[in-house]
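Each chain, written out:
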Amino acid sequence: MSKRAWAVFAALTFALAVVAAGCGGGGDNESKGGGGSTTSNVKGTVSFIAVWTGPEQQSIQAVFNGFKKKYPNVTVKYKSAKDPGQVITTAVQGGNPPDVAALNSPGLMKGFVDQDALKPIDFAKSDVEANFSADWVKFGTVNGKLYGLFFKGANKSTVWYNVHAFDDAGVEPPTEWSDLLKDAKTISASGTPAYSLGGADGWTLTDLFENIYIRQAGPEKYDQLADHKIPWTDPSVTKALTEMAKITGDTKNIAGGSSGALQTNFPDSVTNVFSNPPKAAMIFEGDFVPGVVAGQSTAKPKTDYNVFPFPAVGGKGGDYVVGGGDVVVMFKDNPAARALVKYLATPEAAEIWAKRGGYSSPNKNVAESAYPDEITRTTATALAKASTFRFDMSDLAPATFGGDAEFTDLQAFLKSPSNVSGTASKLESDAKKAYKAS
Amino acid sequence: MTSTSVRAEFPDPVRTPPAPRPVSRARSLLLPASFLGPAAVLLIVWMIYPALRTVARSFWNDRGNKFVWFQNYDRLFSDSVIHTAIKNNVIWIAVAPLTVTLLGLVLAVLIERIAWQSALKVILFMPLAISLFAVGVIWRIMYLQEPDKGAINAGLNAIHDVVKEPGVLPRAEPSSPAVNSRFVYTKQLGSGGTALLGLTAISPQNVPSDAEQAETPQSKQGAITGVVWRDFSPGGGKPGVVEKGELGIPGVTVSLLKDGKKTDSTTTDTKGAFTFDGVSGSGYQAQIAPATFAQPWGGVQWLGSKLITPAMIIAFLWTAVGFAMVVIGAGLSAIPRDVLEAARTDGATEFQVFRRVTVPLLMPVLTVVFVTQMIGVLKIFDIIYAIAPGSVQNDATTLAFEMWKRSFLGANAFGFGAAIASFLMLLFVPFLIYQVRSQRRNN
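Going down the list, the protein sequences come from chains A and B. For what it's worth, our numbering labels the leading residue of the first sequence as 4, then goes sequentially. For what it's worth, our numbering labels the leading residue of the second sequence as 46, then goes sequentially.
Possibly wrong hints are sitting among the right ones.
[Stated by the list, open to error] Partial pick of chain A residues on the chain B-facing surface, computed with a CB cut under 10 Å:
| # | residue |
| --- | --- |
| 1 | 55 |
| 2 | 176 |
| 3 | 195 |
| 4 | 373 |
| 5 | 375 |
| 6 | 376 |
| 7 | 378 |
| 8 | 381 |
| 9 | 411 |
[As the list claims (entries may be wrong)] Computed spacing ranges between beta-carbons, pair by pair:
| # | chain 1 | residue 1 | chain 2 | residue 2 | range |
| --- | --- | --- | --- | --- | --- |
| 10 | B | 470 | A | 319 | 51 to 59 Å |
| 11 | A | 435 | B | 453 | 47 to 55 Å |
| 12 | B | 251 | A | 179 | 45 to 53 Å |
| 13 | B | 251 | A | 227 | 43 to 51 Å |
| 14 | A | 98 | B | 147 | 22 to 30 Å |
Treat the hints as calculated values from the structure; they're not laboratory data. Note that CB positions come from ideal geometry on N, CA and C, so glycine has one too.
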């Protein structure tokens, strides 16, 4: 009898161990590129972690295949991670980081530099400087050393519009903020509300604010505000909020009014503009907008919807871009990893993905013709050739502010657009708390 | 054993139990230990240790490198969002479990008396088969404000439209200051006067298909003439002037006012033109009937900050009532019928039977349902996550939701999150004690 109990106990323990083992492990993907012969004696395996899955994973794999053609003896092992920052932090603490990884924020990169986990990529400095504008190089540099190159970018300084709504109103995409406000009145008179705001998702409001702010106050102030070196009660902030209120306060001109906008989430705000007849004429959001309705909307690019760069405010910043990017960093220094990093800095590597779509490269030497359609060409070129590029300020702020309180405060501002000073002081008090805690 | 086989051949009339085998003390402990062991290990590793660790963690700062005594609890009681969370938890606890139990009871008693009761039970029980998160997604869509999206407002809208029909041009606005906000042509008119009632903010789709090019009205003796038209051409056009390409709006009711009182009314033709004949003297005004611009019903703002908690409670009831009904129904079928019969024979009305006999006999089951719901409601999370739009999350929040948000949603305030979790645990204690006690009593 007791023997049997032991057997049961053993079986249970075994079952548990199996379950536990089954939980671990992930999907490894080995690149098996066609082997073209090139002059290279670099050998080895490079492990690479990034967030890309699905079609994006296939695209990065295509890039690795291109790499394999040049370096037939190097194999890239790609692994996707839902949250690369978290996975890699754990891997670094466990002493087993990947050779190369793509991180989705420069702050994360800086954190790893502070932990001495990253190897500088100064060997690729000349390639990076030749292919990227000064801002992109600067964001990859920490303490005077180059640590990262931006392989994939996101442009959040775009405005998407319904072509029919603009045609009905007889307006052209504006290049200046004041024209945009005037055109919006005309669009409203034509019978379609001008703006669609996804106010239920607070980040859409922070993006609108940031685009106005960087143009009106300039990049220096933008950096200071992002670091909270100037308070949110600064006159530059109230000025930008006042400008923003010209949109949020034009309640009749917002699809659903401001109370309706507060319950509209981002995908619905896109649908408002991409449907026919449209519920609103334009939406302020980044290059990922068409992807949101892909497969649901029958709207065609150019004929049904189109895009224009976020207009200049007061004549300034028509070619500024606020956005994001995935930065490639190196955790282990070996010839194979160096070869891959150097390769990813080339326009050639970026063009492989560009041709496949769904991608904007910050690399300014990527041929415009590499992009599959005119719309991607517009947004991607604006990103690579931006005279000033800045990261989304709310992504740089501590999460309690940039991912929470700032949302709520701007949503309250959408509700009562006349309360500029109250909004500014609320933002400041929330920012103070968040920056102090971080 | 040999002795038993011998006994089997010559069976005793009275069976004697086999002599107990002498076992060592250690061995006698081994058997229960091996049964309890796995469960105990699981319990300690995944329940007791994490719970204790959470309580301990709540006395450390967010990064976990500094002991801060009760600072996190201080934050807990000074944070206005946490106050809302506590308030919402109180509303949930006060309303949901009681309603669930009562509705479950009523349904269970009623359903026993009808045909097809199993089918109906299955239908009412079905929502429980859906995860609470999916329930949230379903109700979120049903609650959408715009009547053409949200099912509930669409239903209410159908009723509303019967009562009060929306105007044909709800969004339209006067195109120039010559027409005021009440859609009155501001100029005083007399015999031979013309009224230019220009409107904007009408989408081309909303202009009736028989509309024709508008014309500037001609002055006519003994009459007031005018036009109602879509005063917009691409680029804006000249407000207040009839231009080429601007269509008249047919079928609009126009009233003639004298000293603010309606004296006549007419309807526009396909060119948007109208004429009031038999006018003498002056002091007339023309107005487009306000009914034309009656706003369509906007819908109830279920997902706004005021109604969000009741809306979520309703969604919760939808899933929980079926469960309560089935459990109470099972209790109901266990009640001895003769007690009910006896009461009826003694002349009790059905309601008296229900109140004096059924409910008291069901009390143990009812309390079980009530307490389970209490516990379920205290930890309510998924419904909030799925139903509340981002802009009202801070109005809809509960402690369980805040615990998750503060700890994991980027903020990584684990010390604070642990404090919320510990506080929540404290709130659970009375229910747990009650549950354990009543179980003991039953045994």
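Hint check:
1. The interface hint given for residue 55 of chain A is broken, as the beta carbon of that residue sits about 21 Å from the closest beta carbon of chain B, more than 10 Å.
2. The beta carbon of residue 176 of chain A is not positioned within 10 Å of any beta carbon in chain B (closest approach about 14 Å), and the interface hint is therefore violated.
3. With its C-beta approaching chain B no nearer than about 6 Å, residue 195 of chain A sits inside the 10 Å limit, and its interface hint holds.
4. The interface hint given for residue 373 of chain A is violated, since its Cβ lies 35 Å from the closest Cβ of chain B, which is over the 10 Å cut-off.
5. This hint is violated: residue 375 of chain A has a C-beta 32 Å from the nearest C-beta of chain B, more than the 10 Å allowed.
6. Violation of the interface hint for residue 376 of chain A is found here, the shortest Cβ-Cβ separation to chain B being roughly 27 Å, above the 10 Å cut-off.
7. Residue-level restraint check for residue 378 of chain A is violated (minimum Cβ-Cβ distance to chain B is 24 Å; threshold 10 Å).
8. This hint is violated: residue 381 of chain A has a C-beta 24 Å from the nearest C-beta of chain B, more than the 10 Å allowed.
9. Contact between residue 411 of chain A and chain B, as hinted, is supported at the beta carbon level, the nearest pair being about 6 Å apart and thus within 10 Å.
10. Range check, residue 470 of chain B to residue 319 of chain A: Cβ separation about 55 Å, and the 51 to 59 Å hint holds.
11. Between residue 435 of chain A and residue 453 of chain B, the C-beta spacing of about 23 Å breaks the proposed range 47 to 55 Å.
12. A hinted range of 45 to 53 Å for the beta carbons of residue 251 of chain B and residue 179 of chain A is inconsistent with their spacing of about 31 Å.
13. Judged by the Cβ atoms, the range 43 to 51 Å given for residue 251 of chain B and residue 227 of chain A holds: they are separated by roughly 49 Å.
14. For the pair residue 98 of chain A and residue 147 of chain B, the beta carbons lie near 60 Å from each other, so the given range of 22 to 30 Å is not met.
The structure fails hints 1, 2, 4, 5, 6, 7, 8, 11, 12 and 14 (numbered hints given earlier, in ascending order).
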